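Trainee: This is what each chain is made of:
2 protein chains.
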Amino acid sequence: MKVSELGEFGLIDLIRDIVAKSQNLERASWQKTLVGIGDDAAAWQSNGHIELATTDTLVQNIHFDLRLTRWEELGWKALAVNLSDIAAMGGIPSYALLSLSLPGELEVEDMSKFINSMVHLAGEFGVAIVGGNVAAAPNVVITVTVIGYSKGKALLKRSTASPGEQIAVTGYLGLSAAGLEMLQGKIISEPETNNILRQAHLKPMPRVKEGQILVEQGVKTAIDISDGLVADLSHICESSKVNARIKIEKVPVHPVVIANFPNHKELALYGGEDYELLFTADETIIARVKQALNCPVTVIGDITKEQLPTRVTVVDSKGNSIPYRKGGWEHFKN
Amino acid sequence: MKVSELGEFGLIDLIRDIVAKSQNLERASWQKTLVGIGDDAAAWQSNGHIELATTDTLVQNIHFDLRLTRWEELGWKALAVNLSDIAAMGGIPSYALLSLSLPGELEVEDMSKFINSMVHLAGEFGVAIVGGNVAAAPNVVITVTVIGYSKGKALLKRSTASPGEQIAVTGYLGLSAAGLEMLQGKIISEPETNNILRQAHLKPMPRVKEGQILVEQGVKTAIDISDGLVADLSHICESSKVNARIKIEKVPVHPVVIANFPNHKELALYGGEDYELLFTADETIIARVKQALNCPVTVIGDITKEQLPTRVTVVDSKGNSIPYRKGGWEHFKN
Chain A
584 MKVSELGEFG
594 LIDLIRDIVA
604 KSQNLERASW
614 QKTLVGIGDD
624 AAAWQSNGHI
634 ELATTDTLVQ
644 NIHFDLRLTR
654 WEELGWKALA
664 VNLSDIAAMG
674 GIPSYALLSL
684 SLPGELEVED
694 MSKFINSMVH
704 LAGEFGVAIV
714 GGNVAAAPNV
724 VITVTVIGYS
734 KGKALLKRST
744 ASPGEQIAVT
754 GYLGLSAAGL
764 EMLQGKIISE
774 PETNNILRQA
784 HLKPMPRVKE
794 GQILVEQGVK
804 TAIDISDGLV
814 ADLSHICESS
824 KVNARIKIEK
834 VPVHPVVIAN
844 FPNHKELALY
854 GGEDYELLFT
864 ADETIIARVK
874 QALNCPVTVI
884 GDITKEQLPT
894 RVTVVDSKGN
904 SIPYRKGGWE
914 HFKN
Chain B
584 MKVSELGEFG
594 LIDLIRDIVA
604 KSQNLERASW
614 QKTLVGIGDD
624 AAAWQSNGHI
634 ELATTDTLVQ
644 NIHFDLRLTR
654 WEELGWKALA
664 VNLSDIAAMG
674 GIPSYALLSL
684 SLPGELEVED
694 MSKFINSMVH
704 LAGEFGVAIV
714 GGNVAAAPNV
724 VITVTVIGYS
734 KGKALLKRST
744 ASPGEQIAVT
754 GYLGLSAAGL
764 EMLQGKIISE
774 PETNNILRQA
784 HLKPMPRVKE
794 GQILVEQGVK
804 TAIDISDGLV
814 ADLSHICESS
824 KVNARIKIEK
834 VPVHPVVIAN
844 FPNHKELALY
854 GGEDYELLFT
864 ADETIIARVK
874 QALNCPVTVI
884 GDITKEQLPT
894 RVTVVDSKGN
904 SIPYRKGGWE
914 HFKN
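Going line by line, the protein sequences match chains A and B.
Numbering-wise, the first sequence is residues 584 to 917 according to our numbering.
Numbering-wise, the second sequence is residues 584 to 917 according to our numbering.
Treat the hints with care, as some may be off.
Repeated chains share a single entry, so a pair holds when one copy, or any two copies, can fit it.
What the hints assert, rightly or not - Taking lysine-lysine and the DSS-like style, the derived pairs with C-alpha atoms no more than 25 Å apart in a straight line are:
{"id": "1", "residue 1": "Lys803", "residue 2": "Lys736"}
{"id": "2", "residue 1": "Lys585", "residue 2": "Lys696"}
{"id": "3", "residue 1": "Lys604", "residue 2": "Lys888"}
{"id": "4", "residue 1": "Lys734", "residue 2": "Lys824"}
{"id": "5", "residue 1": "Lys604", "residue 2": "Lys696"}
{"id": "6", "residue 1": "Lys833", "residue 2": "Lys803"}
{"id": "7", "residue 1": "Lys792", "residue 2": "Lys769"}
{"id": "8", "residue 1": "Lys901", "residue 2": "Lys604"}
{"id": "9", "residue 1": "Lys786", "residue 2": "Lys604"}
{"id": "10", "residue 1": "Lys734", "residue 2": "Lys615"}
{"id": "11", "residue 1": "Lys792", "residue 2": "Lys803"}
{"id": "12", "residue 1": "Lys736", "residue 2": "Lys615"}
{"id": "13", "residue 1": "Lys873", "residue 2": "Lys792"}
{"id": "14", "residue 1": "Lys736", "residue 2": "Lys901"}
It is worth saying that the hints were derived from the structure and are not from the lab.
Nothing here was measured: the structure is a model prediction, and the numbers come from that model.
Let's have the full structure, built from the sequences with the hints guiding it.
Mentor: Right under this line is the structure:
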């Protein structure tokens, strides 16, 4: 069988199964693994605190197109997506490693822009860039690893959602996917709108502070929206063995997207890369979170009992289920 | 200017300079950086212990050729090179992240072999594989990150060599480069020799235990041999601002390499990827290390005062300098 038939999530399951089989052989290290393969970041019981670690790779022509992306945007985004994974655990990022593979014919000046921008974003969160690796390669591949920690014992996981909980999301959705449509050719004549869309897709601001506040307010379950709202909610549902119902009219689509994109609902549901936090908790906690956060928090649905095969249902204002295409971004399938 | 004109080490210097300029902005995180860009691994002051972190990328057709390498060998090597970086700091590896980018037309069975082999090596050192990332890509790119720690406050660094110290190396050199020559077409008819060479190049065993013993015995300066003996010794010399002299007849070339490769001295000096530990210390400490280690330890020269431009001199038995080509492996230059 080919990897493309198995798909991204099938391949992750395969890796997880092989790793799980080996756990008895190396007991000490496995006992310290608090969260292993299949969450936003791994969590590890260190002396006196919980370490968090995450890594993400951007591949040229898969994750980005150098004809559409400036180097400073790429440096920013490569770090931002990893900081977002630490945010989705409710953690505090400490330091980062950069592994950069690229063709030798690239301009040194572009590399400077790339690094300067990454360092700038790192500085926003007090993150030090402490090491890494450079290598020649036929196309650009950027891997960033971020190590962080959790203040206390609490973490935001994917596996702890319960029926009856509300589902909420920070900020607005659909902006990043709309930005990509614009970069790929859709004409947006208004310069300010153009900026907002470009920034959303290429220079997302990870919700690091917000993730920590979610933990402080008692939230236990969260993920960042990278694959898309429906896809990422499905990840929570699979990990937690529950179902979820999204009320389509509640989904906070950004006004700029509504105004310029007739397919705005679709962009918000499936677009991905918004790097907002999607979380579940009971009503009281969500009310506290709304008070505590400085950004919009919108309740978009609720967690229900497990009922297979469909994990996530999207309903209209009358509660009728709306047919939708499955999932969001999946490598090897898209 | 192109990256190829700047070279691998020029690009690393550029990154280090940009990062260094930003240090005032993010004081808390920089104060905790004990060892930053430019050593085998980064070291970070955590609560009560020192964290170590390293990442390394293998790119198809740059670092490996799938026509010459089995998937199980690739899985082993991708982790081994990172464990070797932790070994070169005298640290203990704890857990690993794997970021795997690959074309969808690859066979799932090959991926299983790859992961099983990586998990096998991880088990040898009690390392847990706790997370990572998979993505589609036009060619295979494997990035492994290993996080570890140091037992006490002592570390093996590149910057602490002093004039008068001896230079020593574990094990034998040249085997890995000889293995590569064999894989690329040189005929070795003896099956056992063939095995030794193949294993040396594709399934190196990192000197993790040995690195820890070096620290215990008071060694302060070490690097693992990945770029080549002369190149890696040059890295120590540059970091420590010293020179070094290698006595060519002392370099421990493996008997199999001597017997089969007329260019054996060159393979041992420049070949690289032996993943042995190269270290410096005074005579008393080296004598203790020889007692404490179970592998061969050979003194191959000594550290001398800084005298530019040439960092490393290779001398014959009469003390006459032997001309040699500069450096070992350098990305964008080779």
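Trainee: All hints are to be evaluated individually against the structure, with a verdict given for each.
Mentor: Results for each hint:
no., hint, result
1, Lys803 with Lys736, "within (11 Å within a copy, 36 Å between copies)"
2, Lys585 with Lys696, "between (39 Å within a copy, 14 Å between copies)"
3, Lys604 with Lys888, "neither (30 Å within a copy, 53 Å between copies)"
4, Lys734 with Lys824, "neither (28 Å within a copy, 40 Å between copies)"
5, Lys604 with Lys696, "between (44 Å within a copy, 14 Å between copies)"
6, Lys833 with Lys803, "within (22 Å within a copy, 61 Å between copies)"
7, Lys792 with Lys769, "neither (34 Å within a copy, 58 Å between copies)"
8, Lys901 with Lys604, "neither (47 Å within a copy, 58 Å between copies)"
9, Lys786 with Lys604, "between (40 Å within a copy, 22 Å between copies)"
10, Lys734 with Lys615, "both (17 Å within a copy, 17 Å between copies)"
11, Lys792 with Lys803, "within (16 Å within a copy, 39 Å between copies)"
12, Lys736 with Lys615, "both (13 Å within a copy, 22 Å between copies)"
13, Lys873 with Lys792, "within (14 Å within a copy, 52 Å between copies)"
14, Lys736 with Lys901, "neither (41 Å within a copy, 64 Å between copies)"
The earlier numbered hints that this structure contradicts are 3, 4, 7, 8 and 14.
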